[in-house]
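Engineer: Sequence:
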Amino acid sequence: GDWMQGTEVKAPNRPLAGGELRIAGRHLQLLALAGHSGADLAVYDSQSGVLFAGDLVFNGRAPTTPHADIPRWLAALDQLEALTRQPGFTVLLPGHGEPARDAAPIRQTRAWLQWLQGRIQAAARDGLDMNETMAQPLPAEFAALPMAATEYRRSVGHLFPAAEAEVLAHGH
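Count along the sequence shown from 1, add 184, and you get the number used in the working numbering.
Since the hints were derived computationally from the structure, they do not count as laboratory data. Any given hint could turn out to be false.
Between beta-carbon pairs, the in silico distance windows are [as the list claims (entries may be wrong)]: (1) Leu258 with Trp187: 37 to 47 Å; (2) Pro255 with Ala208: 14 to 24 Å; (3) Ala208 with Asp313: 32 to 42 Å; (4) Lys194 with Ala346: 15 to 25 Å; (5) Arg269 with Ile207: 17 to 27 Å; (6) Pro250 with Ala208: 30 to 40 Å; (7) Ser232 with Val351: 17 to 27 Å.
Every residue gets a Cβ at the ideal spot worked out from N, C-alpha and C, and that includes glycine.
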């Protein structure tokens, strides 16, 4: 629209990688992680204590998993939570939801992912099909989260085939 008039797109001119970076007098720690997608980037501004977690962290909303690798995502959450324990940490900016002054959104995201992974693996081991798995109720802990029912069904659609293949390949 008109509000974009005069905006100039600036294409990247170098690859971005994890590590230390100084931009405009700011000391940034770039964390090249994965889990929500194959290439997630979190940024920690040590001067202000702000952690930009991106879509690795959801606050008050069920995580979305179309490209998720849950074990890698859980490992990334561990790294992000460690940053929240550093002296000087002030605020966590999740990819979805309100900013937080502590690691509660990281713990909420982790709890959802652990439950989801366990639910899908158990359903596959128990011989349920995808539709039966989708029909299982959400636990009370997550039922009131916005988008929980929708994201659960989507996640089963994305993640159940691999869990089922794993069970079939190993015979359990």
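Engineer: Hint compliance check: list the failing hint numbers for this structure, sorted ascending.
Structural biologist: 2, 3, 4, 7
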